[in-house]
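> Residue numbers (our numbering), protein chains in the order written: chain A, 110 to 210; chain B, 110 to 210; chain C, 110 to 210.
Calculated from the structure, these hints are not laboratory results.
Source: prediction; values computed, not measured.
A virtual CB, placed ideally from N, CA and C, is assigned to each residue, including glycine.
Treat the hints with care, since some could be wrong.
[Claimed, not checked] Stretch-level coverage of chain B by chain A, calculated; a stretch enters the list once three of its residues show a Cβ under 8 Å from a Cβ in chain A:
#1 122-131
#2 134-144
[Stated by the list, open to error] Computed list of lysine-lysine pairs in BS3-like fashion (alpha-carbon distance at most 30 Å, straight line):
#3 Lys210/B x Lys139/C
#4 Lys112/B x Lys196/B
#5 Lys112/B x Lys116/C
#6 Lys187/C x Lys112/A
#7 Lys187/C x Lys139/C
#8 Lys191/C x Lys191/B
#9 Lys191/A x Lys187/C
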Amino acid sequence: MLKSAEKIIIITERIICSRIIEYLESLGIKAYTIYQNVSGQGERGMRSISGGLSRFGENIRIEIIIENEEEAIAVAEKIYNKYLSSKYAGIVYIEDIRVIK
Amino acid sequence: MLKSAEKIIIITERIICSRIIEYLESLGIKAYTIYQNVSGQGERGMRSISGGLSRFGENIRIEIIIENEEEAIAVAEKIYNKYLSSKYAGIVYIEDIRVIK
Amino acid sequence: MLKSAEKIIIITERIICSRIIEYLESLGIKAYTIYQNVSGQGERGMRSISGGLSRFGENIRIEIIIENEEEAIAVAEKIYNKYLSSKYAGIVYIEDIRVIK
């Protein structure tokens with residue numbers, strides 16, 4: 110059986126990974142995937158307390174799958190507002206997926 | 110030229126990676142991508158023979174691209190039924206993509 | 110706020126990673142993410158100067174996000190024509206995403 114869901118992808122600085130995970134858990138999210146060995150370069154002028162996204166191998170990708178679209182957008186916006194809108198370099202985006210059940 | 114296709118993503122325990130690859134090859138699938146350094150936490154209560162998805166750095170992500178949607182869903186369901194419905198922790202899902210040819 | 114965008118994903122041989130990044134920068138693309146520890150197996154018969162996609166751990170995944178769909182397709186086709194249509198093993202594909210702003 111296929112079930113529509115949203116995948117939230119957060120790519121940001123490694124130093125805030127555990128804080129994001131704790132925040133996700135405080136929102137009741139208990140399932141996620143973390144990718145290590147992620148590096149990259151952000152847009153020039155991107156603000157970051159720590160210097161952000163410019164040093165090789167210092168980034169992290171966190172993935173969360175949430176079935177309800179409104180809930181997924183709300184979680185993604187919370188992460189964006191708390192960490193990425195002004196403090197740390199990174200991006201949050203959503204993809205439509207279909208999960209096998 | 111763009112060609113619509115489905116991407117199957119399998120995130121599961123590292124210990125069954127080679128078995129899944131062998132199974133995919135038995136289904137005639139010869140192209141796939143494997144991501145190492147994947148960790149995560151599954152839903153509480155998720156069943157797994159080996160303890161599953163809770164130890165850091167022990168997971169794997171396998172990606173397969175299949176042009177035909179019905180075939181992609183059938184492959185994803187076979188993987189789910191064989192490995193993830195009751196034995197090992199993990200998830201299988203599908204994404205719509207467009208491949209450059 | 111959600112903004113529609115395209116994610117370009119390039120999976121190819123590690124040896125051309127820096128050349129692709131330089132080429133992306135020559136096209137004015139300044140933001141990208143690179144995944145290390147990617148391995149895989151391409152279709153049998155896939156041509157590659159270096160032997161391509163068959164040795165474990167030798168591949169790379171590069172992700173670029175471009176808001177404008179036509180521009181994203183043009184960039185993906187340029188990468189395909191320059192590196193993947195005849196010289197190196199790999200794939201380029203596009204996914205629809207929604208970025209949080």
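> Decide, hint by hint, whether the structure agrees.
These are the hints, each one checked on the structure:
{"no.": "1", "hint": "122-131", "in the structure": "violated (count 0)"}
{"no.": "2", "hint": "134-144", "in the structure": "violated (count 1)"}
{"no.": "3", "hint": "Lys210/B x Lys139/C", "in the structure": "holds (25 Å)"}
{"no.": "4", "hint": "Lys112/B x Lys196/B", "in the structure": "violated (35 Å)"}
{"no.": "5", "hint": "Lys112/B x Lys116/C", "in the structure": "holds (15 Å)"}
{"no.": "6", "hint": "Lys187/C x Lys112/A", "in the structure": "violated (35 Å)"}
{"no.": "7", "hint": "Lys187/C x Lys139/C", "in the structure": "holds (16 Å)"}
{"no.": "8", "hint": "Lys191/C x Lys191/B", "in the structure": "violated (40 Å)"}
{"no.": "9", "hint": "Lys191/A x Lys187/C", "in the structure": "violated (37 Å)"}
Checked against the numbered hints above, the structure breaks hints 1, 2, 4, 6, 8, 9 and satisfies the rest.
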